[in-house]
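Enquirer: Sequence lines, in order, name chains A and B. All residue numbers for the first sequence refer to this note's numbering, where the first residue is 1 and numbers rise by one. All residue numbers for the second sequence refer to this note's numbering, where the first residue is 1 and numbers rise by one.
Warning: the hint list may mix true and false statements.
Covered, in the sense of this in silico footprint (three residues per stretch, anywhere, with C-beta under 8 Å from a C-beta of chain B), are these stretches of chain A [stated by the list, open to error]:
id: 1; segment: 46 to 60
id: 2; segment: 238 to 246
id: 3; segment: 330 to 339
id: 4; segment: 352 to 361
id: 5; segment: 365 to 377
Don't read these hints as lab results, they were simulated from the structure. All C-beta atoms, glycine included, are put in the ideal place defined by N, C-alpha and C.
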Amino acid sequence: MPLEALPTLPEGPEKDYLWTLNFGPQHPATHTTLRLILTLDGETVVTAVPDIGFLHSGFEKLGEDLDFNQYVTIVDRMNYISPIMNEIAWHHTVEKLMGIELTPRCKYIRTILGELARISDHLLCAGAQALDLGAFTAFLYGFQQREVIYDIYETISGQRFHPSYTRVGGLLFDVTDQFIRKVRNFVKEFPKTHADMCRLLNRNRIFLERTQGIGVLSKELAIDLSCTGPLARSSGVVRDLRKDEPYLAYPDFQTAFKVVCAAEGDCYARYIVRMEEMIESLKIIDAAIENLPAGAVNVDVESKAVFPAQTSVYRSIESMIQHFELVMPNRQWTPPVDEVYGAIESPNGELGFYIVSDGTGVAYRARTRPPSYIHFAVFPYLIEGHQISDVVAVLGSLNIIAAELDR
Amino acid sequence: MAHDTIIAALKAKFAELVTTEFRDNFRVVVAPARLFDVLQSLKDEHGFNMLFELTAADYLKYPKATDRFGVVYGLLNMATGVRIFVKTWLNEPDLTLPSAFPLWKGADWLEREVYDMYGILFDGHPDLRRILMPEAFTSFPLRKDYPLRGRGERHNFAVITRAES
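Chain B extracted, bound-state conformation (with noise of 0.2 Å):
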């Protein structure tokens, strides 16, 4: 299998990672420290030219879960159609991860989205703002300390009385 190689030469370069995998989902878990070497390594000697998906989770009530988020990385090889996915994780206070914009530009907005919904800092991305949510939105929805319904979402909007409408 062509995972197999790949991941025989990522782990004879970085001896720290850890492999797993679940269906035909091949994973590289590596510490965020060496994170944006991985990915340029997959990148430049591996050729996975595309970032299909970077997307994040909270594991805060996860069953025997040590770290409160996990990021994941998916990259895809286009010559070969090779998908590899590269996960990290995450602990609070320190939620900063080096950003993938460098590699591809395609990590722009999902970016965005990962620190819109879960508050991770991505640093070096040219324009880390909240995406989708409002501007002035204080919390970060998809953590899973934030409830489904019913805090903050009108925490800024005025209340009008009668006298003023």
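Isolated chain A, as found in the complex (with noise of 0.2 Å):
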């Protein structure tokens, strides 16, 4: 960043005691490489510049390179606390794009992972928000619950952390009983660590006066910010795309959950509408794994957007072709050539992808609205005229994930 840019310490004799410190990219409490440039008058913060780009890594550009199944893998590594949300958003979008209606067995198992996702994504969040104000043992509440979340994504997959499970209309593989049977048991122990968590926080002096009026976003400003998810939620925007206009199999769970909204919008109400979330969520893996529609998990064949059974691919002639056809770069899907917006509600907030499609199976244009560029944005208007030791209250908070950041 150069000199240039950063704000100008005021002149005079009375204001030289203002000065100026660099946060991070590799302070602990920036979790990932995010850096800051606070403009401090004692422990005062004044103003505060974001610096960002550490990260980057072209997953734009990428995606103008490899076609919509590969890309999936990219996609994977953006938002990496829930990586299964990011390639439900990015399949749901090339599916919108296609005009692909799933399966309904297709659109329960992505929701249930996707309500997985969520709940390990606000474990996380919400357990180093509190680890960063010094509160260890609900982080590792959190994490040990995270793990059975893992463990359910290697059973569907084979892969802990970068399921890349789906494709192009459906999935990489049906699911089996073993799977159901380990959501069934998550839905029953989890509700014992999230009381555990809300045992250890909620009430908790230390951590109350660390977060209650601190970093408070107002209505206004949320919207005007381009803020959504639990950021915009805790600040009284009421507004839940699962809900306003749902996508998969949300529109049968209408009265299954609630959406959790609160008033405050301070790091305490965001802290406590993600955990409210967790038990929406619940619900929803609940209703959903309990009503599991049977039949098959991919598109009909005959669609052409899907890789045929690999039985039939050795036994058929045009099982074999169709292979062939989706396999090789000349030939693919034949989107129609026009572009489309299309997305989801991921645990941060709105996740969306643009794409451009120049009637290939390769993107023409890939473009994420990713949420936490969007909500780091929100970072200097919420810091300003707070203490130095409330910056990693207010970053825990937001859930700033660098990878999504700088893709």
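Build the complex: two chains, separate frames, hints provided.
Expert: Below, the structure written as structure tokens:
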């Protein structure tokens, strides 16, 4: 960052006590590579200038080179706290572009996995928020349940962290009975951990004093700054794409869950909204796993969008041709020559993709609307006037994932 | 539909507007000169109080494209939940658009990213600098004439000889 981009310090003998502090990019409380340039008056933050881009790796440029199924391995690595949400968002937009209507079983499985990802994201965010303020135990309790969710991902895809599980028009594999057993077990066990975390933090005096009234975001500012997700909902914005623009299996669960909102807009409200959303997510998972429809997970092979089963590729010429056509870079899918925006409610907020298609199997332009990027721009508005020790409290409550921030 | 009344009202005010539709995306295509007026009208008269998306694309190698850059504004009315997209076309050498920052503060970083990736300038932006790429970077990486790999990435890193190391 050039020196002239920094805010100019006020001149004059009575102002020369202002000083500049570099926060990050290697500070442990920034979790990943975030850098803040703080101007301080004693311990009070006067201005904060975020400097980002340390983790920029050209994901959107890669999206213009990899086909719709290959790029899923890249979007996985954007928000690596809830990777499957990125996959669902990406293929949701691709399927919207191609006009593919998924099978009910696929919709339900994606919904369950998405809600599990939401719980694992919120567990890390709430836990890390407490960790930054000195409460280590809640973080460990949360991580123990995240391990269970990773185990469920491993059961379905063979990969714990980056499952790359969705495909155009369906999923990599169908789920097994073991998956259903593990999810049922998680639904049964998770409320205990949640109650433990709540007991540790909700009325913890130190936690309350460090978070209540800190980093207040008003409703008007939240809308003006394009905030979505828990950040906006904790400021009184009542908007959740699962209710407002239902996608996947959410139309079936409209009565099963509530949208959690708060009015205060401070760090504590954001923590509480995330904790309560986990319980709502659990209700959706419970309803979905008990009503999981039978049938295929992939759309009909005749749609020419999905790979035929391996056995039929080996045994029939039509299936072999179709497999070949989807693999060869000069054949693949033929989406309409147009552009489309599709979004889902990710744990962090509205995660959207804007795909410009030139009629080939590779996106001409694959733009991500990353909630972390938009929420980090809010940070200077929240911190100014607070103490330097509140920087970590606000940063933790925003849940900034640097890989998604910089892409 | 709510879109129809909004688009009809816009067309009555700005005669030259072109509208397109794909899936549930409703788009208004407008010339750069009238862009700010259309955005302001959408915000003030039709209640689009959130700019949820601002992005661009380079149509250099796009089939049957006549213009080089397309800039897309995604607007959302928080009261009704209606989304609308405003699109404008830009050609070299005049890559300047009016900044949407006076209307929505959320445009700040979104416009900086479009500038960083495509070199499109936003007139009236308070702090238009590179955001993701290093400050000394000279190219605009998401342009279609920029290769996927292998140009300019390390141009400002001096080669260290063995004697200096």
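Enquirer: Each hint should be assessed against the structure and marked as holding or not.
Expert: Okay, the hints, checked on the actual structure:
1. Counting residues of the segment 46 to 60 of chain A whose beta-carbon sits less than 8 Å from any beta-carbon of chain B gives 5, enough to reach three: the coverage restraint holds.
2. Residues of the segment 238 to 246 of chain A lying with their CB closer than 8 Å to a CB of chain B number 3, which satisfies the three-residue condition for coverage.
3. Proximity of the segment 330 to 339 of chain A to chain B, defined as three or more residues with a beta carbon under 8 Å from a beta carbon of that chain, is established by the 4 residues found.
4. With 5 residues carrying a beta carbon less than 8 Å from a beta carbon of chain B, the segment 352 to 361 of chain A meets the three-residue requirement, and the given coverage holds.
5. Only when three residues or more bring their CB closer than 8 Å to a CB of chain B does the claim for the segment 365 to 377 of chain A stand; here the count is 7, and the claim holds.
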